[in-house]
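J.: Residue numbers (our numbering), protein chains in the order written: chain A, 1 to 48; chain B, 1 to 229; chain C, 1 to 228.
A couple of the hints might just be wrong.
Simulated restraints on C-beta separations [what the hints assert, rightly or not]:
id: 1; chain 1: B; residue 1: Ala220; chain 2: C; residue 2: Leu117; range: 50 to 56 Å
id: 2; chain 1: B; residue 1: Arg217; chain 2: C; residue 2: Lys16; range: 42 to 48 Å
id: 3; chain 1: B; residue 1: Arg69; chain 2: C; residue 2: Leu50; range: 40 to 46 Å
id: 4; chain 1: A; residue 1: Arg26; chain 2: B; residue 2: Gln216; range: 16 to 22 Å
id: 5; chain 1: C; residue 1: Lys52; chain 2: A; residue 2: Val19; range: 28 to 34 Å
id: 6; chain 1: B; residue 1: Trp108; chain 2: A; residue 2: Gly8; range: 16 to 22 Å
id: 7; chain 1: B; residue 1: Arg70; chain 2: C; residue 2: Leu142; range: 37 to 43 Å
id: 8; chain 1: B; residue 1: Gly15; chain 2: C; residue 2: Gly196; range: 57 to 63 Å
id: 9; chain 1: C; residue 1: His202; chain 2: B; residue 2: Gln138; range: 53 to 59 Å
id: 10; chain 1: B; residue 1: Arg70; chain 2: C; residue 2: His202; range: 39 to 45 Å
id: 11; chain 1: B; residue 1: Ala19; chain 2: C; residue 2: Leu220; range: 58 to 64 Å
id: 12; chain 1: A; residue 1: Arg26; chain 2: B; residue 2: Leu13; range: 15 to 21 Å
id: 13; chain 1: C; residue 1: Leu215; chain 2: B; residue 2: Arg69; range: 42 to 48 Å
id: 14; chain 1: B; residue 1: Arg217; chain 2: A; residue 2: Gly12; range: 34 to 40 Å
Hints listed in this document are in silico derivations from the structure and should not be mistaken for laboratory results. The C-beta atom is built at its ideal place from N, Cα and C for all residues, glycine as well.
Each chain, letter by letter, is given below.
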Amino acid sequence: MGSWGFIGLAYGVAAAALVGYLFSLRGRLRDAGAALSALEGEGGRKKS
Amino acid sequence: MGPTRVGRTLGALAGLCVAVGLYLGLVAAPPDATQGEVQRIMYLHVPSILTAYAAFTATFVASALYLWRRDARADAVAVSSAEVGVVFTGIALATGSIWGKSTWGVWWTWDARLTLTAILFTIYVGYLMLRAFAEEPQAAARYGAVLAILGFFDIPLNHLAVQWWRTLHQPSSLIRPGGPSIDPALLVPLLVNLAGLLLLCGYYVVERTRLEQMRQRAMALRLMRGRRG
Amino acid sequence: MAVAEVMRRTWAMTWKDVRVELRARERMNAMLFFAALILFIFNFALGPDLSKLREAAPGLLWLAFLFTGMLGLGRSFQAERENGCFEELLLTPGDRESLYFGKLAGNILFMVMAEALILPLFAILYNLEIWSALPGLFVVALLGTVGFSTIGTLLAAMTAHLRAREVMLPLLLFPLTVPVILGSVKATEALLSGAGLAGAGHWVKLLGGFDVVFLVVCPLAFEFVLEE
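Working from the sequences, and respecting the hints, build out all of it.
T.: Shown next, in the form of structure tokens:
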């Protein structure tokens, strides 16, 4: 593997981890938001 | 409910800073005299480990605050900063290993830097598992806080121990950030990348804290409903 | 009088654990059997070449000590957990620190007793001359055992209730006790090669420093572990 191969690998792994984490976070936020709206919708007014 | 203004600002700043940092690190900065191009991995590896330490410091402060004040927000920050810290530690570990392979030809050496990063990773993965396995949220928060405090006092001792272990028996093969004397041409890309990752870490922690607080609220609501019904 | 009271409660806790152990001898038996097993397996693994074994001796010795100690730690709150005594512990009036120190003293005692039996076995099986290094070894073993047990006792209390507790205790304990592991092994290495305690100087200081830090931090933290 050439120099730039290693560099690409390193930056690629980091990018995958960071982007992957971001997507996971967004997904979990969406799910939590839905669950919370459902719970709050039962009780009172919905939050935007 | 979307991200707060703080969150969005952090995210935007982070994106900008990371982009500039990438350009500086991959294009603008000069290649190293001995290592050649692969030294550019340093612009990723060193900032990620430093960011991880920043995140874990936040975990310690938030944990201490939680034990003192029992404020759920503090606990939310604690678990969030630990989770994000683990992500950055993982990146530091992977990039450290790849850098090592490119310069020394092996994926792993028991040098001080890699060993300490691996230990740090294990400690905080343990933290997350401890919280996950605790029977109930208050116990999870308390146990986690205690572990985070233990970790805070332990990590400097780990550093001493591992560094003595490596430098007393072998000539140091540590790659220090930027070399023994930091060339100014390398310092600026390093600092910009560091700022970028710190901002990104901040953004992730803010968002993850928001998630945790939503979960806390949902749990509180369910408890209330349970009592009524 | 407060100090006398603390010491009395500490001693009461330790003595309770010792009495329980004397009756059933479960813990010590398990620890010693496990240690003997480790020593034999190392011998099979490293082959008949005694010089290889001697080189690895300090590490092997501490592997035996630490894994055996882990076994003991894992059981240190077992009685409380099984008999539902945790609640009783919480109800006893007074400070948590003496409860912690009582448990700690018991754990150190059992671990030291196991070590006292493992060491001669080790010396015999691997033809090691340890007689001259003995005083130094005693100091290092004590310092290492104390350090390992301070964090170990706290974590044992925390993991007693947990799912997957048999995995969680080592997972949490070993990364945190790296200074103890390194310090003890390296100091033992220096001692066995004839350098004396002076040659192991900085490692001994590291062990001592570690012990001091966690003898302060752990009892304070124990407060928060035993709540509710």
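J.: Each of the hints needs a verdict: does it hold here or not?
T.: Verification of the hints:
| no. | hint | result |
| --- | --- | --- |
| 1 | B:Ala220 to C:Leu117: 50 to 56 Å | holds (54 Å) |
| 2 | B:Arg217 to C:Lys16: 42 to 48 Å | holds (44 Å) |
| 3 | B:Arg69 to C:Leu50: 40 to 46 Å | violated (60 Å) |
| 4 | A:Arg26 to B:Gln216: 16 to 22 Å | holds (19 Å) |
| 5 | C:Lys52 to A:Val19: 28 to 34 Å | violated (48 Å) |
| 6 | B:Trp108 to A:Gly8: 16 to 22 Å | holds (20 Å) |
| 7 | B:Arg70 to C:Leu142: 37 to 43 Å | holds (38 Å) |
| 8 | B:Gly15 to C:Gly196: 57 to 63 Å | holds (59 Å) |
| 9 | C:His202 to B:Gln138: 53 to 59 Å | violated (42 Å) |
| 10 | B:Arg70 to C:His202: 39 to 45 Å | holds (41 Å) |
| 11 | B:Ala19 to C:Leu220: 58 to 64 Å | violated (46 Å) |
| 12 | A:Arg26 to B:Leu13: 15 to 21 Å | holds (19 Å) |
| 13 | C:Leu215 to B:Arg69: 42 to 48 Å | violated (26 Å) |
| 14 | B:Arg217 to A:Gly12: 34 to 40 Å | holds (38 Å) |
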